[in-house]
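Chemist: Residues per chain are reported as follows:
Number of protein chains: 2
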Amino acid sequence: MKIFLAQINTVVGAVRTNTGRIIEFARKAAKKGGDLVVFHEMAITGYPPKDLLDKKEFVDDNIAAVEKIARACPEIGIIVGFVDYNPSAEGKRLMNAAALTYKGEIVAKEYKSLLPFYDVFDEGRYFEPASEVRVVEYGGRKIGLTICEDIWNDKDAFNVTAYHFNPVEELTKQCAEIIISINSSPFTIGKLGLKRDMLKKLAIEYNVPIVYLNQVGANDSLIFDGASVVIGPDGAIQAQAGMFEEDLIVYDTDTGKGDIRDIPAGDIEMVFKALVLGVRDYFRKCGIEKAVVGVSGGIDSALSTSIAVEALGSDNVIGVSMPSKYSSKSSVDDARKLCKNLGVEFKVIPIQKIVETYHESLSEEFKGLPQDVTEENIQARVRANILLALSNKFGYLVLNNGNKSESSVGYCTMYGDMAGGLAVLSDVPKMMVYELAGFINRSKAIIPKNTLTKAPSAELKPDQKDEDSLPPYEVLDKIITAYVEESRGIDEIVGMGIEREIVEKTVEMINRSEFKRRQMPPGLKVTTKAYGFGRRMPIAARIERRR
Amino acid sequence: MKIFLAQINTVVGAVRTNTGRIIEFARKAAKKGGDLVVFHEMAITGYPPKDLLDKKEFVDDNIAAVEKIARACPEIGIIVGFVDYNPSAEGKRLMNAAALTYKGEIVAKEYKSLLPFYDVFDEGRYFEPASEVRVVEYGGRKIGLTICEDIWNDKDAFNVTAYHFNPVEELTKQCAEIIISINSSPFTIGKLGLKRDMLKKLAIEYNVPIVYLNQVGANDSLIFDGASVVIGPDGAIQAQAGMFEEDLIVYDTDTGKGDIRDIPAGDIEMVFKALVLGVRDYFRKCGIEKAVVGVSGGIDSALSTSIAVEALGSDNVIGVSMPSKYSSKSSVDDARKLCKNLGVEFKVIPIQKIVETYHESLSEEFKGLPQDVTEENIQARVRANILLALSNKFGYLVLNNGNKSESSVGYCTMYGDMAGGLAVLSDVPKMMVYELAGFINRSKAIIPKNTLTKAPSAELKPDQKDEDSLPPYEVLDKIITAYVEESRGIDEIVGMGIEREIVEKTVEMINRSEFKRRQMPPGLKVTTKAYGFGRRMPIAARIERRR
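Quick note, the sequences are listed as chains A and B, same order.
What the first sequence shows, in this note's numbering, is residues 37 to 583, in sequence order.
What the second sequence shows, in this note's numbering, is residues 37 to 583, in sequence order.
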């Protein structure tokens, strides 16, 4: 049996467009002699559709689409993810479903058993889990059809929820000859290796090939890497799709062979490609062409601009330098050089005059008071207003350049450098910003050397350096990873060899900055725990230190 | 048996403070001869603790607190909500629990069976449901101990999830003589009546008294109204606590009698008190004293300022008028009059000069282009920057005055009038703003008459009126209620008698404005569906109209 893995990029909510894309790829697979073509979890609705699922019209349209697909491509078996109504009156109204269509009809419907409800996943909010699983017969074979989390139940490997039920075990008991797993599984650093180890272990344990099909493309914060794969019963890779791009690959169950595409070699290249896809899809799916970026001469904006150019093309990116009296001359020069290297339009709009008018207007209120963070924030907010004015006038989307280290500790200005339509680097810690900058410059010095080597500074007061207010980024990033990503306690982090005072102060800063992050633009997720939807924290709360 | 209902206000995360408050109230109840005192769901952690539950230290501290409470008040039975570890290795790691302590020990622990995950509720994210329920014996009586959602399983009355199991039925089968229900059930308009009808029905059906104890106080967006109550087996109210304030009332199971407090009579008074509590607790729990409000002379800011004065006291509110060249003279006068009536400090900081400096700085970029929304937004953002500068310099929290009608259709400026630390009216539709203003003025004209009667205007360009861009608010609010709160489809809304073109245009505006609302400040929830945490919508999505 020739199975095609259709790794496509769908748009959340766009049932009609997605259905068209599914039909297009199914026909391509049929033309190439495929017996079966597989699409991802909730391919018809796009994933995650979130509360669009509350709209009956939307659910009805997605169900009608399955029938349309069946009729449009009768010549090939199609497995496709969609949302079905729960046939029972009890429990949640909907189920996360996979249909098998053939000869114009829906031949089988199977439901997801294990619903993820942690981090960014909310499936328990919408769906009732399957009450049973059954193998599906197609082309004389018994297929074990599973949806995403259904195969993520390796109690040794993962620690999120120990589910009560193992669908793969049950399906192999029912003599499934092949497991087909349809997924909408987002990228995070290091997940590919974990996932493949788990698939390998499963394939060997149950002595079946596993066809793992994942969606590709970014939807808001989530970046889906694709990397669809077939693992043979011996644990070897028998077919492999590309990463971060649409693909259509074949796998022959008789020979155990299939297409094998190249994938990026290392984490940093993957993160870079993930961010590029994240930016590109956000713009495309929002219907926006051009980005405007504040280029400060610093490394964050240099990286963010480079990513935007890769994602949108240099014609679609505008760099704006907005010097104040605290900006060094080299800042403007570095920004200009960067834009020149990237082939990007470069503007200089000084902010000093505007800033001074604010000072004048507030002089009575502030009489006799020393300058403080207020005056720093005014500058940052004036810059945001300039970018937003360009955005309003020309339809650009403002990119936010803030990194994860800054927003963790609140070293950023609300409605200032925190403004923007998309936060490109919000889940990238500062040390990784440097690694990514190194990747950008791997063959040519795109990002100016001075940008890479100078000490990080917000340039909002004379001779300011980040490290005047923060621990060194090497240390800061370690604390953030331990506290935010790994939920470690203070004692445990001190046990890693970091001074208690620094740990306590940093954790306090992280907790206290929740109100700032609440109003952050959506940001691209690349680590196991990003700020935003997957980390839900109270604001008007008091996390009391143990005594 | 004398049961005390301790309706207290806890702080999320503040295990030590909450424990102290619980002990204080338990001792008070003991002193008054109580046999049993009841506290709310998750009283120890505060509700909702959200992802603080990922921190092992936090969960451990909350468990230690139950033991501390038991030891501190051995003389009275105490029922208190906390978070326990799941004794099973399978399933979610935690359980939503109630402890009964007596004579220094934990006598019983019961778990929540029905976990809400819809709207603002995420309990399935953290908790494993109870696998069984058992009556608890105390003082010679069989008590059916339930937690919040456990009693919300009336398939006739509610429509959210039809649960598979009915804990109250099971407990009465086990001969429970009384049902004690501990809750953290937030206020929404109209819920009190529904809730009481349901309790009444339950009490009659199972022929038991129901002690319903709810928390009071606001945590971020959620406002808990208290309104704890005891319903007798005949459906009559036998005891009733106040609303929107802490209370300690007694109920005697032998006589079927208890304290009965007054509660507000109508919805509008309740909403007003809810918003006041929402503002007061947000400030108190964030540790902030003073609010700064932009007072435009319009009705939204007048209402918001009035609520702030009621919540924080007139000494703790600063009103700022920031006229531009499009502001009418009466706007400043109306704002001044309002502040005078409220006894609030009033400042005038004109923005025209700053706005002009922006125009100059952008003149080259904008050469030859007509004025548009860009210039309007600059004004709104300059105003925000002024308020934020005052906030930074003096430690004020900026109140956001936007109403639900505006943010629904995106008739508001990001980082402009959308800025602020707390959105007081974000869940109040414009027509209800008028009703609330009427309530403020019920005995005295606090809000100037001109503010109440003039046509709503953003005053960002000459002779601008809201209704130039929007349908009349009567119509707009109907569409918002139907589409957002009730998830109705376009055809259904047209069927309500509103012109199709207006419905389609409005729905399109609502969908298209999601990116703006994503960066809104936290707002106080008073309707069944508020923007924010309880309404999770994608941004880079395309909701395709049916053809």
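The reader is advised that the hints may include incorrect statements.
Identical copies go unnamed one by one, so any copy, or any two together, can satisfy a pair.
What the hints assert, rightly or not - Pairs of lysine to aspartate or glutamate residues, derived as EDC-like cross-links and limited to a Cα-Cα distance of at most 20 Å, are as follows:
{"id": "1", "residue 1": "Lys389", "residue 2": "Glu411"}
{"id": "2", "residue 1": "Lys92", "residue 2": "Glu522"}
{"id": "3", "residue 1": "Lys91", "residue 2": "Asp527"}
{"id": "4", "residue 1": "Lys139", "residue 2": "Asp233"}
{"id": "5", "residue 1": "Lys429", "residue 2": "Glu411"}
{"id": "6", "residue 1": "Lys361", "residue 2": "Glu396"}
{"id": "7", "residue 1": "Lys91", "residue 2": "Glu528"}
{"id": "8", "residue 1": "Lys389", "residue 2": "Glu400"}
{"id": "9", "residue 1": "Lys178", "residue 2": "Glu540"}
{"id": "10", "residue 1": "Lys485", "residue 2": "Asp155"}
{"id": "11", "residue 1": "Lys501", "residue 2": "Glu325"}
{"id": "12", "residue 1": "Lys403", "residue 2": "Glu580"}
No wet-lab data here; the hints were simulated from the structure.
Keep in mind that this is a model prediction, so the values were computed, not measured.
Chemist: With identical chains, the pair lysine 501 and glutamate 325 could be close in the same copy or across copies; at 20 Å between alpha carbons, which is it: within, between, both, or neither?
Modeler: Neither: 35 Å inside a chain and 32 Å across chains, both beyond 20 Å.
Chemist: State whether the alpha carbon distance between lysine 92 and glutamate 522 is at most 20 Å within one copy, between copies, both, or neither.
Modeler: Between copies only: 11 Å across chains, 39 Å inside a chain, cut-off 20 Å.
Chemist: At most 20 Å between alpha carbons: which applies to lysine 178 and glutamate 540, within, between, both or neither?
Modeler: neither (57 Å within a copy, 47 Å between copies)
Chemist: At most 20 Å between C-alpha atoms: does lysine 403 with glutamate 580 qualify within a copy, between copies, both, or neither?
Modeler: So lysine 403 and glutamate 580 fail the 20 Å test inside a copy (37 Å) and across (56 Å) alike.
Chemist: Since the copies are identical, ignore which copy is meant and state whether lysine 361 and glutamate 396 lie within 20 Å (CA to CA) inside a copy, between copies, both or neither.
Modeler: both (16 Å within a copy, 18 Å between copies)
Chemist: Classify it for me, lysine 139 with aspartate 233: is the Cα-Cα distance of at most 20 Å met within a copy, between copies, both or neither?
Modeler: For lysine 139 and aspartate 233, neither the intra-copy (37 Å) nor the inter-copy (53 Å) Cα distance is at most 20 Å.
Chemist: Up to 20 Å between alpha-carbons, please classify lysine 91 paired with glutamate 528: within, between, both or neither.
Modeler: Between copies, since 12 Å is at most 20 Å while 46 Å is not.
Chemist: Given a CA cutoff of 20 Å, do lysine 389 and glutamate 411 count as a within-copy pair, a between-copy pair, both, or neither?
Modeler: Answer is both; intra-copy 14 Å and inter-copy 18 Å each pass.
Chemist: Reference check for the pair lysine 485 and aspartate 155, CA-CA at most 20 Å: within, between, both, or neither?
Modeler: neither (38 Å within a copy, 50 Å between copies)
Chemist: When Cα atoms must be at most 20 Å apart, do lysine 389 and glutamate 400 count as within-copy, between-copy, both, or neither?
Modeler: Classified as both; 18 Å inside a copy, 15 Å across copies.
Chemist: At most 20 Å between C-alpha atoms: does lysine 91 with aspartate 527 qualify within a copy, between copies, both, or neither?
Modeler: Between. Shortest inter-copy distance 12 Å satisfies the 20 Å Cα cut-off; intra-copy 47 Å does not.
Chemist: Reference check for the pair lysine 429 and glutamate 411, CA-CA at most 20 Å: within, between, both, or neither?
Modeler: Result: close only across copies, 9 Å inter versus 27 Å intra.
Hint compliance for this structure: hints 4, 9, 10, 11, 12 are broken, all remaining hints hold.
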